[in-house]
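Protein sequence lines correspond, in order, to chains A and B.
Read in order, the letters of the first sequence are residues 1 to 316 in my numbering.
Read in order, the letters of the second sequence are residues 1001 to 1252 in my numbering.
Hints were generated in silico from the structure; no laboratory data involved.
Where a beta carbon is used, it is the ideal one built from N, C-alpha and C, also for glycine.
Incorrect hints may have been included.
To be verified - Incomplete in silico selection of chain B near chain A, CB under 10 Å: (1) Ala1003; (2) Met1015; (3) Leu1074; (4) Ala1075; (5) Leu1084; (6) Asp1120; (7) Asn1121; (8) Phe1186.
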Amino acid sequence: MIYTNNKQAAVVECKGLTKIYKRFLASQSKAVCALKNISLSVAEGQIVGLIGPNGAGKSTLLNLMAGLIFPTAGCVRVCGYPARSIEARKGLGYMPEHPAFLGRYSAWATLRYHGALLGLSRQAACVQIDKWNEQLQMDEYIDRPCGDFSQGMKQRLALAIALMSDPRFLLLDEPSNGLDPIGIIQLRDLLKKLRDAGTAIVISSHRLGELEKLTSDYIFLYRGEVVSFGDKITAGQVGRLRVELASNGIDVAQRLLSPGKLLSVSETELVIAVGDDNEAPDIVRSLAEGGARITSVLLQREDIENVFLRLYNERA
Amino acid sequence: MRAYELMKETFFRKMYIYIVHLSWFAVYGLFLMLEPEEDGFYRTFFIWGGFFLPLTLSAGIFGDDISSGRICVLATRPLWLGELYIYRLLGLSVQGGVHFILAGGLLLIIHRFTGIGSTDNLGSWLFSCWLLFNTWAALSTSLSVVVKRAYNFVFLLAAFLFFGFLNSILSWNSPDDTTTEVINAFVRYVCPPFALLTKMAQGEYAKYSLIVGKYSAIKAVACVTHTIVLTVFYGLVGVLVLNRRQFAGSRE
């Protein structure tokens, strides 16, 4: 399966990606296939949510995109280069789920350290540190040792580290872990700004509500396979059209609607499944033309949590 | 700047690093005061420092990063992973160098003002210790690339104690036994020439033979070369393993 957004250049491309974990000296039967033949791409200026139940292969896919592990088959290209190459890493910003730092280093020293690893000069590193310190509001604790940090402080610092290289491709693993509501809002705004500036962002998260506010593009993984991808999850999602009638609901439903579309029927209310936004006006029009006395209409879109549950239940 | 930061990190990454250095200074001082007449006895602790110091200072040098998941961020930086290894090893080497220079300086001061101890061959003595330090540091750092946390220290110490114990038992029972010879040969080639470096530092290397001729200078050069070759070899193994290693984030 290949998902591409043809409007923009692909920043990340995965082709036939398979990852099998084998235990040292263990038999073939004990090997675990974490990802099976996955092909996808993420374009610049796109935010993609990586979702799926535990053990679906999200971390494996992130690690492969970050070049931290080798694929068993297939390849990953970041900014046109193999994922583990230095050129690919120049365009990559990675924020792990559990960021760890040297406890004795202050946030400032940690950022300077990473600036050095990026090959920035002392002055350039200071400029970047000031920039991200201001954006992520770390002023209060930038001189404190990282060993004393709360989870939220660690998350902000990890994000600053990931952003120090002004990456073209940003990989975030549970970025809102431990952030307070203000932090979450700031993070969302920042990610939108980065997206608008052309950064491709992949976010692995179980906080579906947060993801929904950022993107409508998802990769749903289940047992190492891409079940659904792109904006099809949400664009093609099943919505509910709730129609309130003055009377004769059952009669109208029997005459005008196919049974497969009806989710619930009563004399005064019909709940109808709709495939997309364009379908709803047609249904309402046909009901009105068929003599139904409509008092109110409400289109309820299925949120990402329900989509997740539906996809999960279909598979499980 | 990259080299500086990575080398600096080896000095400041853990609090116990200072404690280790200070403890060894205390040990040198203690034995210098306790056994001032026994020429050179306290110097044995310099050589032991060449073994124990790199093990303790490099404990978890990569293993801690691997277990905490910090390595995942380091490995996504645009640099050749070998640089991480080389600069950290250089950092340890500088740390060892500074340690032995300070220890030698203290010895000189004590000798100057109290007359205790001896400063004969002090330069070559400290150089030998530093060579040993580098070899064990390379071996320990390479092991740290493979194992998590500070197990590199534990494994190396266990291996050292095991071989030491085995060798003493076998040497005591049957010094000319083939097994003893095999173990000695193995230790001779994979470990730095510990005894030879000791003798070299004492200016007695002419009495001992490695594999080459009778001239002391050649033997000294052979000793130094052997140690440097081992350091480079262990270092290369570490660099290769680090470049081929896969990393996964902490799931804690």
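Checking each numbered hint in turn, tell me which of them this model violates, lowest number first. The structure conflicts with hints 6, 7, 8, although it agrees with all the remaining ones.
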